[in-house]
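Undergrad: Full structure from sequences and hints, please.
Listed below, chain by chain, are the residues.
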Amino acid sequence: MSSADIYREIILDYYRNPRNYGKITDPDISQRDSNPLCGDELEMHINIKDDKVADVKFTGKGCAISQASASMLTELIMGKDFEYVKKLAKEDILDNLGLQNLGPARIKCALLSFKVLKTGIYSYLVDKLKDTASADKMKEEVSGIY
Amino acid sequence: MQTSFINIESIRNDFPILKRKVHKDKPLVYLDNAATTQKPIQVIEAISNYYLTYNSNIHRAVHELAEEATLAYETTRDKIAKFINAKNREEVVFVRGTTEAINLVAYAWGRQNINKDDIIVTTEYEHHSNIVPWQLLSKEKGAKLEYIGVDDNGELILDHLDKYLQTGKVKLVAFSQMSNVLGTITDSEEIVKRCKKYGARVLIDGAQSVPHLKVDLQKLDCDFFAFSAHKMLGPTGVGVLWARKELLQDMVPFNGGGDMIREVHKYETTWNDLPYKFEAGTPNIADVIGFAAALDYLDKIGMDKVREHEMELTKYALDKLSQMKGIVLYGPKDVSKRGGVISFNLGDIHPHDLATIIDEDGIAIRSGHHCAQVLMERLDVSATSRASFYIYNTKEEVDVFVKSLNRAKELFKL
Numbered sequence: 001m002s003s004a005d006i007y008r009e010i011i012l013d014y015y016r017n018p019r020n021y022g023k024i025t026d027p028d029i030s031q032r033d034s035n036p037l038c039g040d041e042l043e044m045h046i047n048i049k050d051d052k053v054a055d056v057k058f059t060g061k062g063c064a065i066s067q068a069s070a071s072m073l074t075e076l077i078m079g080k081d082f083e084y085v086k087k088l089a090k091e092d093i094l095d096n097l098g099l100q101n102l103g104p105a106r107i108k109c110a111l112l113s114f115k116v117l118k119t120g121i122y123s124y125l126v127d128k129l130k131d132t133a134s135a136d137k138m139k140e141e142v143s144g145i146y
Numbered sequence: 001m002q003t004s005f006i007n008i009e010s011i012r013n014d015f016p017i018l019k020r021k022v023h024k025d026k027p028l029v030y031l032d033n034a035a036t037t038q039k040p041i042q043v044i045e046a047i048s049n050y051y052l053t054y055n056s057n058i059h060r061a062v063h064e065l066a067e068e069a070t071l072a073y074e075t076t077r078d079k080i081a082k083f084i085n086a087k088n089r090e091e092v093v094f095v096r097g098t099t100e101a102i103n104l105v106a107y108a109w110g111r112q113n114i115n116k117d118d119i120i121v122t123t124e125y126e127h128h129s130n131i132v133p134w135q136l137l138s139k140e141k142g143a144k145l146e147y148i149g150v151d152d153n154g155e156l157i158l159d160h161l162d163k164y165l166q167t168g169k170v171k172l173v174a175f176s177q178m179s180n181v182l183g184t185i186t187d188s189e190e191i192v193k194r195c196k197k198y199g200a201r202v203l204i205d206g207a208q209s210v211p212h213l214k215v216d217l218q219k220l221d222c223d224f225f226a227f228s229a230h231k232m233l234g235p236t237g238v239g240v241l242w243a244r245k246e247l248l249q250d251m252v253p254f255n256g257g258g259d260m261i262r263e264v265h266k267y268e269t270t271w272n273d274l275p276y277k278f279e280a281g282t283p284n285i286a287d288v289i290g291f292a293a294a295l296d297y298l299d300k301i302g303m304d305k306v307r308e309h310e311m312e313l314t315k316y317a318l319d320k321l322s323q324m325k326g327i328v329l330y331g332p333k334d335v336s337k338r339g340g341v342i343s344f345n346l347g348d349i350h351p352h353d354l355a356t357i358i359d360e361d362g363i364a365i366r367s368g369h370h371c372a373q374v375l376m377e378r379l380d381v382s383a384t385s386r387a388s389f390y391i392y393n394t395k396e397e398v399d400v401f402v403k404s405l406n407r408a409k410e411l412f413k414l
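Chains A and B, in that order, are what the protein sequence lines are. Residue numbering for the first sequence follows this note's numbering, starting at 1 and increasing by one per position. Residue numbering for the second sequence follows this note's numbering, starting at 1 and increasing by one per position.
Please note that a few of the clues may not be correct.
[Said to hold, decoys possible] Each computed EDC-like pair below joins lysine to aspartate or glutamate, with the alpha-carbon atoms no more than 20 Å apart:
| # | chain 1 | residue 1 | chain 2 | residue 2 |
| --- | --- | --- | --- | --- |
| 1 | A | Lys108 | B | Glu360 |
| 2 | B | Lys409 | A | Glu140 |
| 3 | A | Lys87 | A | Glu141 |
| 4 | B | Lys409 | B | Asp359 |
| 5 | B | Lys413 | A | Asp13 |
| 6 | A | Lys61 | A | Asp50 |
| 7 | A | Lys61 | B | Asp380 |
| 8 | B | Lys19 | B | Asp359 |
| 9 | A | Lys128 | A | Asp50 |
| 10 | B | Lys409 | B | Glu360 |
| 11 | B | Lys409 | A | Asp13 |
| 12 | B | Lys139 | B | Asp159 |
| 13 | B | Lys87 | B | Glu189 |
| 14 | B | Lys409 | A | Asp136 |
| 15 | B | Lys395 | B | Asp14 |
| 16 | B | Lys403 | B | Asp25 |
| 17 | A | Lys90 | A | Glu141 |
| 18 | A | Lys61 | B | Asp348 |
| 19 | B | Lys144 | B | Asp117 |
| 20 | A | Lys86 | A | Glu75 |
| 21 | A | Lys130 | A | Asp5 |
| 22 | A | Lys49 | A | Glu9 |
| 23 | B | Lys214 | B | Asp348 |
| 24 | A | Lys23 | A | Glu43 |
| 25 | B | Lys413 | A | Glu9 |
| 26 | A | Lys86 | A | Asp136 |
| 27 | A | Lys61 | B | Glu377 |
| 28 | A | Lys108 | B | Asp359 |
| 29 | B | Lys163 | B | Glu124 |
| 30 | B | Lys24 | A | Asp5 |
| 31 | A | Lys49 | A | Asp81 |
| 32 | B | Lys413 | A | Asp5 |
| 33 | B | Lys26 | B | Asp399 |
| 34 | B | Lys403 | B | Asp334 |
What the hints contain is simulated information worked out from the structure, not anything from laboratory work.
TA: What follows is the structure, given as structure tokens:
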């Protein structure tokens, strides 16, 4: 992908004015990860109520791709059914970003927030729902993200 | 438009890789020399010539190939000793790189000489390779690790060193002769002088300095010195630890195995002479031989000329960059105090995004924390972009670089 295709107005806008930026006190899901390659950091907080995403926020620092994709992901899952969020695939995320053809170095930036989300769901399945069958599946999915 | 000090056209002709194009049709502008430099054809041929005509193991076999290989390998040691003006060739130990050299000292000297409550001093602008081995060692021994701070000009605050030395507990001071991020040239002789007064040993990380400056170990008067071949036209996988003979003699071996022994019995072994005591196993023969060709190449140009060329290029680049709106440049402004390394941030463009954009124009720079997260914390940034020069870089390339930065600014609407 050329830079002009990556750094479109919408990506820059979400980078500079991130939606759902911040923290939730005492969230149901709290997950953090970083990308050692570039030092991108991301933390996501989620509250689940009646099997829906009642609230989601993120904090982090990093490149435009990682931060914009995190913000757009929070918008994508806000208010949605937990089942829908569980089933989200990385293609859905990249489609949502309009970044389907990133190279191998930068695709990790775009998917860091997705990895954080899925890892957070895994912990939630294990700790809160005690649903080991779904958790095992989720664990496998997380290790295959990149 | 080349600098006045070296014949760039003829130098560039020696580097086959500089003729390649990237992203289909963009000439390669390689500005990531602080990470690793390109290799001239002389180095590549020295390595292939070894494999093609006299490949064999060194030191013990008696056949002709082994004699040729041993001679070529040991000749490199002589050339290194001369290049850094070391007094004795047996003080030159081949390792895999600077990182291994420092770890060797931490293991083979540190574990015998660092005790509980001793202090090891390093600096805020070290590469992780000159921090992590000392963290491991001080944790193991219950020793303390302290840092010489960096001022706003990117130079070390030597008052901090004095404060630690005055405790009388400092056993080792480890610092780089040139910062890989800021390019700052450390006042190494002054530090060594102060350490001597208190009997503290000094280790110098020369990974960034030996490729770019004339280094004279007898003048420096330090105790340990480490550097890598691949940052000075040589191959990867070869580095040098230089240490004082009397220290090497008292140190325990780092690795046990073949070539480092004199006699092995069932329960006892006696060590080989220096430097072989520290070179266990079959070494990286081909690349050590290739390193000699790199040293010859730099010798032919002359390290003074290398330095002058880089100073002129750095000044040219700094003049252009400092005129850009929204740029933050790190490190000393005075080019006599810095090497050809320029770290910067441009507006709110993350270095990773910047590197992606200018890569499209064929320009290779580094972005990230440069294995110096302690310094990133000090600078209060998560990352910087870094352009670093070497003998084959030109002012035209700096122009292409600056033009590309302006394109990045436009893309980010700055």
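Undergrad: Compare the structure with each hint and give your call.
TA: Here is how each hint holds up against the structure:
no., hint, verdict
1, A:Lys108 - B:Glu360, "holds, 19 Å"
2, B:Lys409 - A:Glu140, "violated, 41 Å"
3, A:Lys87 - A:Glu141, "holds, 10 Å"
4, B:Lys409 - B:Asp359, "holds, 14 Å"
5, B:Lys413 - A:Asp13, "holds, 11 Å"
6, A:Lys61 - A:Asp50, "violated, 31 Å"
7, A:Lys61 - B:Asp380, "holds, 12 Å"
8, B:Lys19 - B:Asp359, "holds, 16 Å"
9, A:Lys128 - A:Asp50, "holds, 14 Å"
10, B:Lys409 - B:Glu360, "holds, 14 Å"
11, B:Lys409 - A:Asp13, "holds, 15 Å"
12, B:Lys139 - B:Asp159, "violated, 26 Å"
13, B:Lys87 - B:Glu189, "holds, 17 Å"
14, B:Lys409 - A:Asp136, "violated, 45 Å"
15, B:Lys395 - B:Asp14, "holds, 19 Å"
16, B:Lys403 - B:Asp25, "holds, 17 Å"
17, A:Lys90 - A:Glu141, "holds, 10 Å"
18, A:Lys61 - B:Asp348, "holds, 12 Å"
19, B:Lys144 - B:Asp117, "holds, 6 Å"
20, A:Lys86 - A:Glu75, "holds, 15 Å"
21, A:Lys130 - A:Asp5, "violated, 43 Å"
22, A:Lys49 - A:Glu9, "violated, 34 Å"
23, B:Lys214 - B:Asp348, "violated, 38 Å"
24, A:Lys23 - A:Glu43, "holds, 9 Å"
25, B:Lys413 - A:Glu9, "holds, 9 Å"
26, A:Lys86 - A:Asp136, "holds, 13 Å"
27, A:Lys61 - B:Glu377, "holds, 14 Å"
28, A:Lys108 - B:Asp359, "holds, 18 Å"
29, B:Lys163 - B:Glu124, "holds, 16 Å"
30, B:Lys24 - A:Asp5, "holds, 18 Å"
31, A:Lys49 - A:Asp81, "holds, 10 Å"
32, B:Lys413 - A:Asp5, "holds, 14 Å"
33, B:Lys26 - B:Asp399, "holds, 14 Å"
34, B:Lys403 - B:Asp334, "violated, 24 Å"
The earlier numbered hints that this structure contradicts are 2, 6, 12, 14, 21, 22, 23, 34.
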